[in-house]
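Number of protein chains: 10
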Amino acid sequence: MMTKKEAAAEIRAAKVRLGLTWAGLAEAVGRPVSWTTAALLGQHPMSKDEAEAAAEVLELGPEVVVALQLQPMRGALETVVPTDPTIYRFYEVLQVYGPTIKELIHEQFGDGIMSAINFRLDVRREADPAGDRVVVTLDGKFLPYQW
Amino acid sequence: MMTKKEAAAEIRAAKVRLGLTWAGLAEAVGRPVSWTTAALLGQHPMSKDEAEAAAEVLELGPEVVVALQLQPMRGALETVVPTDPTIYRFYEVLQVYGPTIKELIHEQFGDGIMSAINFRLDVRREADPAGDRVVVTLDGKFLPYQW
Amino acid sequence: MMTKKEAAAEIRAAKVRLGLTWAGLAEAVGRPVSWTTAALLGQHPMSKDEAEAAAEVLELGPEVVVALQLQPMRGALETVVPTDPTIYRFYEVLQVYGPTIKELIHEQFGDGIMSAINFRLDVRREADPAGDRVVVTLDGKFLPYQW
Amino acid sequence: MMTKKEAAAEIRAAKVRLGLTWAGLAEAVGRPVSWTTAALLGQHPMSKDEAEAAAEVLELGPEVVVALQLQPMRGALETVVPTDPTIYRFYEVLQVYGPTIKELIHEQFGDGIMSAINFRLDVRREADPAGDRVVVTLDGKFLPYQW
Amino acid sequence: MMTKKEAAAEIRAAKVRLGLTWAGLAEAVGRPVSWTTAALLGQHPMSKDEAEAAAEVLELGPEVVVALQLQPMRGALETVVPTDPTIYRFYEVLQVYGPTIKELIHEQFGDGIMSAINFRLDVRREADPAGDRVVVTLDGKFLPYQW
Amino acid sequence: MMTKKEAAAEIRAAKVRLGLTWAGLAEAVGRPVSWTTAALLGQHPMSKDEAEAAAEVLELGPEVVVALQLQPMRGALETVVPTDPTIYRFYEVLQVYGPTIKELIHEQFGDGIMSAINFRLDVRREADPAGDRVVVTLDGKFLPYQW
Amino acid sequence: MMTKKEAAAEIRAAKVRLGLTWAGLAEAVGRPVSWTTAALLGQHPMSKDEAEAAAEVLELGPEVVVALQLQPMRGALETVVPTDPTIYRFYEVLQVYGPTIKELIHEQFGDGIMSAINFRLDVRREADPAGDRVVVTLDGKFLPYQW
Amino acid sequence: MMTKKEAAAEIRAAKVRLGLTWAGLAEAVGRPVSWTTAALLGQHPMSKDEAEAAAEVLELGPEVVVALQLQPMRGALETVVPTDPTIYRFYEVLQVYGPTIKELIHEQFGDGIMSAINFRLDVRREADPAGDRVVVTLDGKFLPYQW
Amino acid sequence: MMTKKEAAAEIRAAKVRLGLTWAGLAEAVGRPVSWTTAALLGQHPMSKDEAEAAAEVLELGPEVVVALQLQPMRGALETVVPTDPTIYRFYEVLQVYGPTIKELIHEQFGDGIMSAINFRLDVRREADPAGDRVVVTLDGKFLPYQW
Amino acid sequence: MMTKKEAAAEIRAAKVRLGLTWAGLAEAVGRPVSWTTAALLGQHPMSKDEAEAAAEVLELGPEVVVALQLQPMRGALETVVPTDPTIYRFYEVLQVYGPTIKELIHEQFGDGIMSAINFRLDVRREADPAGDRVVVTLDGKFLPYQW
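Chains as they are written, first to last, in our numbering: chain A, 1 to 147; chain B, 1001 to 1147; chain C, 2001 to 2147; chain D, 3001 to 3147; chain E, 4001 to 4147; chain F, 5001 to 5147; chain G, 6001 to 6147; chain H, 7001 to 7147; chain I, 8001 to 8147; chain J, 9001 to 9147.
Among these hints, one or two may not hold up.
To be verified - Computed beta-carbon distance windows for the label pairs:
#, chain 1, residue 1, chain 2, residue 2, range
1, E, Asp4122, J, Thr9003, 33 to 39 angstroms
2, A, Gln146, I, Thr8003, 46 to 52 angstroms
3, H, Asp7122, F, Asp5111, 49 to 55 angstroms
4, H, Met7001, B, Thr1003, 20 to 26 angstroms
Said to hold, decoys possible - Sample of chain J residues lacking proximity to chain G, with all beta carbon distances greater than 10 angstroms (derived):
#, residue
5, Val9016
6, Gly9024
7, Asp9049
8, Glu9052
9, Gly9061
10, Ile9117
11, Asp9139
Hints are computed from structural coordinates only; laboratory data are not their basis. Cβ atoms here follow ideal geometry from the backbone N, Cα and C, with glycine treated the same way.
Start from the sequences, fold in the hints, and give me the full structure.
Here is the structure:
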């Protein structure tokens, strides 16, 4: 059986080989680009139709179609603290602003959390004369502590 | 000398005692609420005026005023992986979506990172009939790898 | 300011000194015993009334009343893997049965998790001729992955 | 020799390929579903009959039959703290409620532990108008500290 | 409240000051020497009578009597791998012989464990012309895996 | 070259295939059962005669004979804290009773250690009406600190 | 697909086999030697032209050309603290002088950091009668904390 | 006795209180600014004269004078990986460029290291129209591996 | 009770205050200098006479005399890998030459270890025109593996 | 390309197969035995002549000759704290005597370190009627802290 991790490696290679984009793959799959990228990288299971649509564009075989449908064992960082600078900055944001985010959630909502399950993510480019900006929006349902 | 950490503890206590809010403190200081919260929790240095404005509303003394102006040694998590559920969910987002964010930044901008220094953060409540949502926006300047 | 951890230590001491039980404290507070124990050990914030009811029975002062109302920074294990045998057995259950629980949740519900926020816990004694049994029930709302 | 881990991978693949369920496999094996799932994932040794029954339904060969009978080296988490959200929530329960569970066991039974060896586990779906619930029951014999 | 750890420090100091032995303390308490030492070091709760008997011989006050009766949070090593050579050798035994012990338990008893709860320990000196020997006996009830 | 670890895997497989026991293998080798098990699991080097005797009974080839004679790089636990419950209980004994063992060695012998090199180990079953017991004896020469 | 790590291994081997130098490779690629070395070791993506120029001199095939163009997952140390003495000395510099560097950056620039993205590195030999010196220059744009 | 760490805290406080700079302190002490900062932060021992000169400008007492002369136990990071962003960037440089630096040292010097003992450090501001730059120079004697 | 660690701090301070040397202290105590230094730093228990001799020269009181006689809990490094460069170099020797030392011990002695208990240590200065040398001799009894 | 680690495994196997000794290999190579052993285990690069001399005696091919000449990435312990008892004892020496060695180096030489680069190592057997001794000499140039 091909694992989801092996499928992700095949997908990255095919994407470079064929000059595809995540945005284009998302369109082919018919889902938002962040969700599609996460799914193709092995963090969400796809439906059979989604998997087949992706595999067709990527010119990959039935093993990949099966792997994309498997229920994932999630968790994509290879080390507890990420070493890649692009990913590390988000860990740094957590180090510097984690307690701030916690305080502001509690002030606005009371005791509870932002769901990471009923959740969507957006990454977009915002033009700015002082240098364009990366704007990442984390948008999750509030879940109050409830006995 | 009072440390920034001790000052933050005093501030939390005074805030509860006086029934203040982070939003109210931000208004008194004249800065955005996320920045002000982070600064009062010891992650940013305040100017003398900002520190005095905060201390006055919080009814705290000159030691706190000095502490708030000190250059911080940043990093607010007490463990490498946070245990508090409200903060942990953001670490989980990084575990599940970290490589997705990396791929999308590279697709939209090329090789580089979102700055965590030239950076602003917003936490807001978005009404939703299926349950209100926590929307956290991370907004940093794109920095291309540049030799 | 008294921290929630210091308040918990005071509470444990008073409980032994006065010969109280968690069940009795829960009755005084008017909440389930598991919730009340967790709250008195510093893992949930109490309302002012609950805190005052607890402090009165425990013969403790106003500092404890304030501490019990504070929003907690949750996470009660002092080491990543607990060393106390009574607590360790639950970590062992996770080591041996974690993937089993995951498979069964996915088989019965699809992709998602058991909420640890919209959640209740029960610990009870079940008589058994072959030796009484500890029955711990973890009961959380199912949260489907939902974009 | 095929390891128990390799056998588990074969079993997961066959289960998806043939559209089987853990419940169905448990019926074929004639043991409770939680026990059977744990055994097929490599955490319990099966008897020869159980292993053969499982292998037949899964259409797998004699190597798997042997592997399922081996005495396991138990412990299924690949990291000290699990990263998969479905499993992590149980670790979080331990972080938030571990000391509560300990206190309540001691209050009801005295000094001792819930056995994780003389132990059974149940995962079931409970219908609830506010959203169905995952109910996990941990049921182990009480073992008093006894010199 | 005096913690069990603080009580243990007081006890060690008093023992040196008064020239007492663990064997003598065990006799005063009326329990086996290994159990008594573990209890005085904070790893077992004592009954009121035992605690008072120990405190009297050690010439310590009522705070110690209370501390000795408290339910312990067990786990006495300050680091995951012990650095003290006398204790480390036992960790080394586990590194070199752990799987051997596991194999021999399974061969003699089937699938299960030696209980560390229904358990007793003995440390004794055995005369030997080639150099006296430390003989440590670990004696626990066998617990079979039992669903 | 076959490593000692690969040889151990071959040996476990052959032992199951041929229905042998560690006790029987020890008899064939002519050494105590604990020593023989440890050696066959790769923690002690065997003499040529011992290795050949073991390989003959196990019906294994000359590569195994060589591997069994190699000087081992000792240390058999795959994680710093063992996760297998049968082995973990001995780590727990060290957590709960480590300082007790240290105190009793020093009381009976003075400053020094139990050797883990000039050392023998025994695991035996002791019948007990309340449930048979696992009795593990650790028996090492006392080594005084000596400059 | 050949990974960047596998490509780096091929490159090191070819470099030794053909007696090439990093300086020579940098000249062939037309980029600074530090940048070129980092890119060939898998820490920067190359353009198609650069990758082809490098592969030609190294007499390596098209798989290497593709690998060199891939976006890297950066982070080259195999352990959190490096063990190789040549690399460790730089970690030691950070242990001994890290806070000094921080203080001096803040004194000369205010609150902010040296960018590791808009950054260049130089390693050169400086003749010195008391023994030649390794001079490593880290040169990054100052980024002020800016909301 | 005042530790070097406590002295460093006193020094930082006095420096803020009196509006001094590290550059000014270095001048008073008569040593380079990087060395002086490191020494005042507790990473180098000062001579009696240097310590007295520093203490005089800082208006601190004889305890600080003694502490500054003590031989340090070096190592200033509180965590294995630094969390403060200003310091972290240098760890990131090591993650991304560590093997590059190693290769270039070996190419220019042969097998050996840059000394971190016979070593000097400089941090300076370099004006740049595209944004001023932080230039950190690490300058250590080359030490060849020599038996 | 004064701990051995607190006594060591007092001793270091007194040694600096009185201008004593470890060599001089060893002479006063009548034991080798390495042993005496280790004992005064808390790693060996002293006899009453030795402790009194040391305390007299150091002009310290009876609390120190008692502390020096206590049985130590050994292990003097504050982190698993030492950060102080003078101590780290010995860890580096172990990283680079550990397996070499192991091979040579086994070649010269057979299977066994150098005792760290029946052990003595010497640190001396050896004049050398190319720069004086630190010569550290580790001298321990060979202990063969012996069942 | 054969790595130095793979070459080391080949060398160990050949050494056993041909009944060679490290001492004999050192003679063939014409270098000290400790250096030669370290080099053959992959911790030092050999010259072409040395590599060929070693390979000839070991009856190994040209791939090994190349591997032995490669610049090593040093660091031979597979875990941060070694588990093999023969190697662990040297880590224990560091735990017990590390600060003693540091104090004595500083007393005899001033502030600085023993070089682990300009360094030689000797392991020899010293006859002793009370049991032969392992004498390990670490001999490195003193390097004073020098700005």
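How the hints compare with the structure:
no. : hint                                      : in the structure
1   : Asp4122/E - Thr9003/J: 33 to 39 angstroms : violated (50 angstroms)
2   : Gln146/A - Thr8003/I: 46 to 52 angstroms  : holds (48 angstroms)
3   : Asp7122/H - Asp5111/F: 49 to 55 angstroms : holds (51 angstroms)
4   : Met7001/H - Thr1003/B: 20 to 26 angstroms : holds (22 angstroms)
5   : Val9016                                   : holds (27 angstroms)
6   : Gly9024                                   : holds (28 angstroms)
7   : Asp9049                                   : holds (17 angstroms)
8   : Glu9052                                   : holds (16 angstroms)
9   : Gly9061                                   : holds (15 angstroms)
10  : Ile9117                                   : violated (7 angstroms)
11  : Asp9139                                   : holds (17 angstroms)
Going through the hint list in order, the structure does not satisfy hints 1 and 10.
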